[in-house]
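S.K.: Sequence:
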Amino acid sequence: MKASKYPLFTQKNNPSDAEIISHKLMLKAGLTRQQSSGQYSFLPIGYRVLKKIENIIREEMNAIGSAEILMPSVQPSELWEESGRWETYGLELLRLKDRHQRDYCLGPTFEEVITDLVRKDLNSYKQLPINMYQISSKFRDEIRPRFGIMRAREFIMKDAYSFHLNQECLDEWYENYKKAYNKIFTRLQLEYTMVDADSGNIGGSKSNEFHVIADTGEDDLLIDQDGIGVNYEIAKTKYNSDDIKKIINENNLVHKKGIEVGHIFKLGDKYSKAMNLSIADVESKICNIEMGCYGIGVSRIIAAAIEQNHDDKGIVWPATIAPFKIVIIEIDGHKNESVRIYSSELYEKLSAKGVEVILDDRNSKLGNKLNDWELIGIPNIAIVGKSEAETKSVTFKKRGQDDKSSLSIENLIKITSD
RNA sequence: CGGGGUGUAGCGCAGCUUGGUAGCGCGGCUGGUUUGGGACCAGUAGGUCGUAGGUUCGAAUCCUAUCACCCCGACCA
2 MKASKYPLFT QKNNPSDAEI ISHKLMLKAG LTRQQSSGQY SFLPIGYRVL
52 KKIENIIREE MNAIGSAEIL MPSVQPSELW EESGRWETYG LELLRLKDRH
102 QRDYCLGPTF EEVITDLVRK DLNSYKQLPI NMYQISSKFR DEIRPRFGIM
152 RAREFIMKDA YSFHLNQECL DEWYENYKKA YNKIFTRLQL EYTMVDADSG
202 NIGGSKSNEF HVIADTGEDD LLIDQDGIGV NYEIAKTKYN SDDIKKIINE
252 NNLVHKKGIE VGHIFKLGDK YSKAMNLSIA DVESKICNIE MGCYGIGVSR
302 IIAAAIEQNH DDKGIVWPAT IAPFKIVIIE IDGHKNESVR IYSSELYEKL
352 SAKGVEVILD DRNSKLGNKL NDWELIGIPN IAIVGKSEAE TKSVTFKKRG
402 QDDKSSLSIE NLIKITSD
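Per the numbering used here, the first sequence starts with residue 2, numbered consecutively.
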């Protein structure tokens, strides 16, 4: 990519609507723009980050043998009436009518649709277990959207669903997903913890939440010596006390704030029973299908990552989700042919190695360019001016560190293409 | 929904109390001087003051209604 032809929308002034740091930085760095309350467009830089996160999730889902699908976001009321949630889900379910006055809703979650999908094609227990996931927009008509993309009404979520002949198989797959989630959050390079949790609105017997640790998190977590936590409500039940302070002291726990970015559930037969999804087993006995569901708030992870990784200059992306791996900044390339030729040569070499590189060939000053890229948070910065062009080197700087060093082309390629 | 607040140029704001037809900073554009960490000078473009109605000779300013957005609380990935 060349910055002169790439839509960058950084802003100098602090946006007035933003309260928390991730929201401010996302607007300043030009990652997202608000459409209406709780709804955001992703600009090119923001969308690249979203795709990075999606791909890590996708790879780990595929790796455990969950298959990607896509379901419609507008869902017929009939399915929700079958599950009983048309009545119970409440105002968060945005309901609408089509031209024939049939009732629909915008999908906030997909248990009904996927249960319907599976029951139409499930003929034999031999097809089980079935594991499928999708990455798509969800809509929840939140009482109060806030903090930008952190709690939006429309957001990107990965939701996986599993179908099993028996509890043992569900338990096994629940563990598979749990392991996959740990891999995902490790690869995202975020400080996180898994906690025992309430299954809330979705229903079922067992659930775990994954939280990114951040002071601005909305959830209170109690974390033990092994890094395993519980949320407040669960802790009260688990330790049989209402006194949080006492629980903390007596059990040697640490209180931290978390941003919930993942939630996995053992649903049991709640939906399969209500929606009549059953199958004959080896002995021709009719069994209800055991289900699990596994969510990750993909777009929320962007905000969570920024909450955890920023400084006074802007975002400091973990390398695995940075929108670009490196930016090459020209000094006066438009006035200096040797600089222009040399920077293009570097750009081509890095591109050829598959390095995600953007060349800042805009007609602006070094300071402005550096400020833009430090705000956006690109992890590696290579500066080339007249002297670098002469010596065939670059002035190299890591985001988050102040010192600069001189690197040969070979070393630059080595550092950025590993 | 209850409580608090804000809508004026692309962004951030002043002006409103005490009506007289809109201004500042940043950004944009043009020209020149600069040029290795947000340059300087000069010039220039850009706003039916959220919307509708009312009061008045006259409304960004006063009154009424309405819409949008933000913050605190109840709900959630």
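Certain hints may be false.
Okay, derived cross-link-like pairs now, BS3-like style, lysine-lysine, Cα gap no bigger than 25 Å in a straight line [claimed, not checked]:
id	residue 1	residue 2
1	K366	K354
2	K399	K354
3	K53	K387
4	K326	K52
5	K326	K370
6	K3	K274
7	K387	K326
8	K326	K350
9	K399	K53
10	K180	K274
11	K274	K29
12	K274	K246
13	K399	K52
14	K350	K314
15	K3	K258
16	K13	K370
17	K237	K207
18	K387	K6
19	K366	K326
20	K127	K274
21	K258	K247
22	K53	K314
23	K399	K415
24	K3	K370
25	K370	K405
26	K326	K239
27	K398	K13
28	K354	K326
29	K179	K121
30	K237	K258
31	K247	K257
32	K179	K258
33	K274	K258
34	K25	K257
35	K398	K3
36	K258	K25
37	K127	K98
38	K237	K247
Worth flagging that the hints you see were computed from the coordinates, not collected in a lab.
S.K.: Confirm or reject each hint.
M.R.: For each hint, the structure was consulted:
1. Proximity of K366 to K354 is assessed by CA-CA distance (about 28 Å); at most 25 Å being required, the pair is judged violated.
2. Of the supplied pair hints, the one linking K399 and K354 holds, its CA atoms being roughly 20 Å apart against a limit of 25 Å.
3. This hinted pair does not check out: K53 and K387 have alpha carbons roughly 35 Å apart, beyond 25 Å.
4. Of the supplied pair hints, the one linking K326 and K52 holds, its CA atoms being roughly 14 Å apart against a limit of 25 Å.
5. About 16 Å separates the Cα atoms of K326 and K370, which keeps this hinted pair within 25 Å; it holds.
6. Distance hint between K3 and K274 is unfulfilled; the C-alpha atoms sit about 55 Å from each other, more than 25 Å.
7. For the suggested pair K387 and K326, the alpha carbons sit about 24 Å apart, so the restraint of at most 25 Å is met.
8. For the given pair, K326 sits about 14 Å from K350 by alpha-carbon distance, which is consistent with the 25 Å threshold.
9. Of the supplied pair hints, the one linking K399 and K53 holds, its CA atoms being roughly 20 Å apart against a limit of 25 Å.
10. Straight-line distance between C-alpha atoms of K180 and K274 comes to about 28 Å, which puts the hinted pair past the 25 Å bound.
11. For a cut-off of 25 Å, the pair hint linking K274 to K29 is broken: about 49 Å separates their Cα positions.
12. Restraint check for K274 and K246: the C-alpha separation of about 42 Å exceeds 25 Å, so the hint is violated.
13. Note on K399 and K52: the hinted pairing holds, with a Cα-Cα distance of about 23 Å set against a maximum of 25 Å.
14. Among the hinted pairs, K350 with K314 is inconsistent with the structure: their alpha-carbon atoms are about 29 Å apart, more than 25 Å.
15. Restraint check for K3 and K258: the C-alpha separation of about 40 Å exceeds 25 Å, so the hint is violated.
16. Proposed proximity of K13 and K370 is supported: the alpha carbons are some 12 Å apart, at most 25 Å.
17. Restraint check: the Cα-Cα separation between K237 and K207 comes to about 17 Å, which is no more than 25 Å; the hinted pair holds.
18. About 23 Å separates the Cα atoms of K387 and K6, which keeps this hinted pair within 25 Å; it holds.
19. At roughly 22 Å between alpha-carbon atoms, K366 and K326 fall within 25 Å of each other, so this suggested pair holds.
20. A threshold of 25 Å between alpha carbons decides the hint, and for K127 with K274 the separation of about 20 Å falls inside it, so the pair holds.
21. With a C-alpha separation of about 18 Å, the suggested pair K258 and K247 falls inside the 25 Å cut-off, and the hint holds.
22. The hinted pair formed by K53 and K314 meets the criterion: a straight-line CA distance of about 23 Å does not exceed 25 Å.
23. For a cut-off of 25 Å, the pair hint linking K399 to K415 stands: about 14 Å separates their Cα positions.
24. A threshold of 25 Å between alpha carbons decides the hint, and for K3 with K370 the separation of about 13 Å falls inside it, so the pair holds.
25. Between K370 and K405 the alpha-carbon distance is near 16 Å, which keeps this suggested pair within the 25 Å criterion.
26. Between K326 and K239 the CA atoms are separated by roughly 45 Å; this puts the pair beyond 25 Å, and the hint is violated.
27. In summary, the hint linking K398 to K13 is supported, as the alpha carbons are separated by about 22 Å, within the 25 Å threshold.
28. Restraint check for K354 and K326: satisfied, since their Cα atoms lie roughly 12 Å apart, inside the 25 Å limit.
29. Under the criterion of a C-alpha separation no larger than 25 Å, the hint pairing K179 with K121 is inconsistent with the structure, at around 28 Å.
30. A distance of roughly 17 Å separates the Cα atoms of K237 and K258; the hinted pair therefore holds under the 25 Å criterion.
31. For the proposed pair K247 and K257, the alpha carbon gap of about 16 Å is at most 25 Å, so the pair holds.
32. Of the supplied pair hints, the one linking K179 and K258 holds, its CA atoms being roughly 21 Å apart against a limit of 25 Å.
33. Straight-line distance between C-alpha atoms of K274 and K258 comes to about 37 Å, which puts the hinted pair past the 25 Å bound.
34. A C-alpha spacing of about 23 Å is found between K25 and K257, which places the hinted pair at or below 25 Å, so the restraint holds.
35. Straight-line distance between C-alpha atoms of K398 and K3 comes to about 20 Å, which keeps the hinted pair within the 25 Å bound.
36. A distance of roughly 20 Å separates the Cα atoms of K258 and K25; the hinted pair therefore holds under the 25 Å criterion.
37. Under the criterion of a C-alpha separation no larger than 25 Å, the hint pairing K127 with K98 is inconsistent with the structure, at around 39 Å.
38. Taken as a hint, the K237 and K247 pair is honoured in the structure, with Cα atoms around 10 Å apart against an allowance of 25 Å.
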